[in-house]
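Asks: Residues per chain are reported as follows:
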Amino acid sequence: MERDKLIFCYVMVAPALILTVGLGIYPMLASMVMSFQLYDLLQINAVGTPFVGFENYIAVFQDPRFVQTIVNTVLFTIIAVVVSIAMGLFLSQVINANFKGRAVLRTLVFVPWFVPPVVASAIWMWLLQTERSPINHALQSMGLIDTDIRFLTDPSTFGPFSIPMMAVAAVRVWNGLPVIIIFLLAGLQSIPKGLYEAAEIDGASIMQKFWFVTLPMLRPVMSVLLALLVMNGLGQFEINYIMTRGGPQNLTNIMAVYSYQQAFMFFRFDYAAAASGVILLMTSVVCIFYVRAQSKDTLR
Amino acid sequence: MDKMLKLDRARSDLMRSVARGSLVAITSAGVTLSSIAPALAQDNSIEFWTQSYGDALQWNATIRDLAAEFEAETGISVQHETINWSVAFDTWLTVSRGGAAPDCADMYWLHSFSAIGGDQYGPMPINEYRDQWENLDENFFEGSLQDVTWQGDFYGIPWRGDIRSFIYRTDAFAEAGIEGPPETWDEIVDIATELTERDENGNVTRWGYAYGTATNSVSWLLPYYWQAGGDFMTEDGRTATIDNEAMRTALTFMRDLMWEHEVVDPDSMEANYDPQPGFLAGDIAMINSAEQSWGVELDRDYPQLEGQWAMSLTPEGPENRDSFSGGGYLGVLRGTDKVEQCVEWMEFLSQEDNMATLSRVSGNVSTRRDVMDSEFWNDRPWKVVVGEALEYARTSQHPAPAWSAIAAPEPGAVLYDMMYDAVVRQQDLDEVISRAQERMQAELDRSNVQ
Numbered sequence: 001m002e003r004d005k006l007i008f009c010y011v012m013v014a015p016a017l018i019l020t021v022g023l024g025i026y027p028m029l030a031s032m033v034m035s036f037q038l039y040d041l042l043q044i045n046a047v048g049t050p051f052v053g054f055e056n057y058i059a060v061f062q063d064p065r066f067v068q069t070i071v072n073t074v075l076f077t078i079i080a081v082v083v084s085i086a087m088g089l090f091l092s093q094v095i096n097a098n099f100k101g102r103a104v105l106r107t108l109v110f111v112p113w114f115v116p117p118v119v120a121s122a123i124w125m126w127l128l129q130t131e132r133s134p135i136n137h138a139l140q141s142m143g144l145i146d147t148d149i150r151f152l153t154d155p156s157t158f159g160p161f162s163i164p165m166m167a168v169a170a171v172r173v174w175n176g177l178p179v180i181i182i183f184l185l186a187g188l189q190s191i192p193k194g195l196y197e198a199a200e201i202d203g204a205s206i207m208q209k210f211w212f213v214t215l216p217m218l219r220p221v222m223s224v225l226l227a228l229l230v231m232n233g234l235g236q237f238e239i240n241y242i243m244t245r246g247g248p249q250n251l252t253n254i255m256a257v258y259s260y261q262q263a264f265m266f267f268r269f270d271y272a273a274a275a276s277g278v279i280l281l282m283t284s285v286v287c288i289f290y291v292r293a294q295s296k297d298t299l300r
Numbered sequence: 001m002d003k004m005l006k007l008d009r010a011r012s013d014l015m016r017s018v019a020r021g022s023l024v025a026i027t028s029a030g031v032t033l034s035s036i037a038p039a040l041a042q043d044n045s046i047e048f049w050t051q052s053y054g055d056a057l058q059w060n061a062t063i064r065d066l067a068a069e070f071e072a073e074t075g076i077s078v079q080h081e082t083i084n085w086s087v088a089f090d091t092w093l094t095v096s097r098g099g100a101a102p103d104c105a106d107m108y109w110l111h112s113f114s115a116i117g118g119d120q121y122g123p124m125p126i127n128e129y130r131d132q133w134e135n136l137d138e139n140f141f142e143g144s145l146q147d148v149t150w151q152g153d154f155y156g157i158p159w160r161g162d163i164r165s166f167i168y169r170t171d172a173f174a175e176a177g178i179e180g181p182p183e184t185w186d187e188i189v190d191i192a193t194e195l196t197e198r199d200e201n202g203n204v205t206r207w208g209y210a211y212g213t214a215t216n217s218v219s220w221l222l223p224y225y226w227q228a229g230g231d232f233m234t235e236d237g238r239t240a241t242i243d244n245e246a247m248r249t250a251l252t253f254m255r256d257l258m259w260e261h262e263v264v265d266p267d268s269m270e271a272n273y274d275p276q277p278g279f280l281a282g283d284i285a286m287i288n289s290a291e292q293s294w295g296v297e298l299d300r301d302y303p304q305l306e307g308q309w310a311m312s313l314t315p316e317g318p319e320n321r322d323s324f325s326g327g328g329y330l331g332v333l334r335g336t337d338k339v340e341q342c343v344e345w346m347e348f349l350s351q352e353d354n355m356a357t358l359s360r361v362s363g364n365v366s367t368r369r370d371v372m373d374s375e376f377w378n379d380r381p382w383k384v385v386v387g388e389a390l391e392y393a394r395t396s397q398h399p400a401p402a403w404s405a406i407a408a409p410e411p412g413a414v415l416y417d418m419m420y421d422a423v424v425r426q427q428d429l430d431e432v433i434s435r436a437q438e439r440m441q442a443e444l445d446r447s448n449v450q
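Respectively, the protein sequence lines represent chains A and B.
The opening position of the first sequence corresponds to residue 1 in our numbering, with each subsequent residue numbered one higher.
The opening position of the second sequence corresponds to residue 1 in our numbering, with each subsequent residue numbered one higher.
Honestly, the hints are just simulated from the structure, not real lab data.
Ideal placement from N, C-alpha and C gives every residue a C-beta, glycine not left out.
Honestly, I wouldn't trust all of these hints.
One-sided and incomplete, this derived list gives chain B residues near chain A with beta-carbon spacing under 7 Å [claimed, not checked]: (1) D90; (2) E270; (3) N272; (4) A402; (5) A405; (6) S447.
Modelling step: build the complete structure from the supplied sequences, incorporating the hints.
Replies: Take a look at the structure:
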């Protein structure tokens with residue numbers, strides 16, 4: 001009986017396992033191997049793919065553009081995670097409340113979810129195009145600005161930040177917010193109402209209820225969310241690539257875009273694999289922290 | 001208890017049968033596929049991929065009609081698949097490294113893909129079939145045949161050209177009382193300055209000039225550099241030759257247009273720059289290096305602009321009037337066992353009538369002289385200009401596998417970085433060019449490793 005059950009379980013899990021191994025684990029391992037080889041498509045027929053140790057890693061770290069992409073990737077991730085969670089917390093509270101028109105608001109908030117990132121990028125590229133931007137027109141009509149804001153092309157910086165970086169980060173937040181709200185909404189709805197009633201009896205204000213009841217009760221959801229957002233943020237690709245190709249002046253370039261450019265523009269699959277290896281390392285660190293935290297929670 | 005046992009047994013039977021069922025399904029699928037595969041290999045059909053051109057539906061219908069006609073003549077059926085341009089480069093790169101490939105296809109960047117594929121994958125030389133095309137040299141433009149020859153091998157039939165001319169808004173010219181398009185670089189500066197307009201806050205309402213129509217910004221540099229008398233590399237493709245006065249002249253001209261004369265949008269080299277909406281709205285007065293497909297598009301999609309735009313030859317530089325030309329060819333892929341069927345199909349497509357159809361539907365210049373002499377390519381003034389521009393067309397292909405990496409329109413590529421640093425960032429020209437020369441040489445050396 002137990003054996004049958006085991007076989008049944010394996011058969012049921014097999015398709016997902018095969019897909020994960022075939023499309024996830026194998027390419028990842030192959031890419032890691034490639035990162036230690038000379039894998040230049042323009043030389044491959046002449047010299048093959050000899051083992052070169054850490055040379056590719058050294059080469060990408062010697063490229064100032066790559067170092068800047070690491071900084072950019074971390075900054076983008078921090079901006080996207082912090083803003084998304086802050087907005088998500090606020091909007092999920094609003095949506096969770098009982099008021100007239102809640103269904104309409106919910107629909108509006110979830111609309112960006114139906115827009116694939118590629119389409120979202122194209123739409124926002126148009127909205128943020130300097131001379132034809134309706135946002136610029138609106139701001140000028142209101143008398144708030146005189147000259148057009150170069151949302152995606154202004155190369156001036158303030159510290160490590162720039163307008164294009166903020167604009168692209170805003171699009172990433174816009175596109176990813178609905179999922180965060182769904183997570184948080186589910187978390188909010190699982191908080192027993194009795195806790196709020198008890199807090200009210202104790203005379204807690206709205207902020208105190210949020211701080212001492214909502215946030216602690218959302219902690220498990222938030223930790224999952226945080227881990228997912230950080231991992232997703234470190235591996236982001238399409239919005240940055242489509243909207244700016246990493247420009248202007250590398251200000252919005254991120255590691256995944258760098259990796260893609262090395263492989264598919266310059267035929268350096270070895271450098272691309274090394275850059276991907278760095279992304280893998282960074283996401284692994286987050287993953288380890290997350291798994292350890294989960295394990296501790298389970299043991300508790 | 002009995003009931004529990006029965007239930008357990010039933011569940012156990014169910015699990016077993018599901019497991020067996022799955023195994024049977026997987027095995028039978030494998031058996032079916034393995035029995036179908038040889039049958040497919042033996043059939044008389046070929047797989048043919050093309051990029052999409054012009055109106056995608058019309059393009060597919062045209063290939064379908066041609067394939068039906070071909071099948072009626074020869075009994076060979078053609079399975080056509082379209083590749084979107086946005087993934088075309090990645091697709092051919094994958095094909096050149098052993099990815100799923102068709103038997104024959106519409107391809108480009110021969111030098112890079114054949115070098116990457118080596119003698120295993122990618123484009124296949126078909127020297128032994130070359131004689132099947134009678135009067136190849138007389139019927140086709142010389143430049144287009146260069147694009148299908150690599151290291152002395154013949155790889156296929158050129159079928160489309162991408163010829164760049166000069167496009168301008170005649171209404172803006174008339175409004176400013178300017179009689180004709182610029183003929184020289186100096187005239188570009190004068191006219192662009194006159195046509196650039198700003199509002200009271202200094203926001204530009206009309207740019208006098210744009211470098212080019214293509215999204216590939218590096219392609220804008222090529223004609224300026226050629227017109228200044230430069231060559232990117234030696235004929236053998238081994239030595240970079242960009243650190244010279246011609247490059248300084250070309251980049252200075254481009255930089256001055258942007259910053260000294262302020263007639264070009266400083267965002268021109270950014271990824272989200274697209275001159276088409278601006279030109280259509282009359283917010284850009286002239287564009288150098290305009291693809292001929294713009295003529296087709298403007299005729300087809302914007303009839304209301306009739307009489308408000310025109311094309312002319314690209315203005316002459318200090319040394320000559322060379323203009324950009326790209327192209328594509330029909331070729332066979334390594335790994336196919338249907339070379340003869342593919343060659344027959346290519347022969348069929350390269351007949352005058354069929355080439356005329358492909359040219360008309362795709363909006364691309366034909367590589368056949370007789371097609372370019374036909375009524376279709378002479379019934380509109382802009383088409384006549386495109387025909388004349390063929391005389392000045394210079395192939396953008398260069399005899400080095402690394403060329404597509406060198407000229408990639410992305411940050412990090414040699415020419416893009418050089419243009420960006422020189423034109424947009426206004427860095428010291430000598431340093432920028434010297435750095436680019438060194439990087440380009442390294443790229444050429446990389447692709448010439450024996």
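Asks: Against each hint, give a clear statement of whether it holds in the structure.
Replies: Evaluation of the provided hints:
Against a cut-off of 7 Å between C-beta atoms, the interface hint on D90 (chain B) holds, since the closest Cβ of chain A lies about 5 Å away. With its C-beta approaching chain A no nearer than about 5 Å, E270 (chain B) sits inside the 7 Å limit, and its interface hint holds. Hint status for N272 (chain B) relative to chain A: holds, with the closest Cβ pair at about 5 Å, below 7 Å. For the restraint placing A402 (chain B) at the interface with chain A, the shortest Cβ-Cβ distance is roughly 6 Å, inside the 7 Å limit, so the hint holds.
At its closest, the beta carbon of A405 (chain B) sits 5 Å from a beta carbon of chain A; the interface hint therefore holds under the 7 Å criterion. The interface hint given for S447 (chain B) is met, as the beta carbon of that residue sits about 4 Å from the closest beta carbon of chain A, less than 7 Å.
Hint check: no violations occur; every hint is consistent with the structure.
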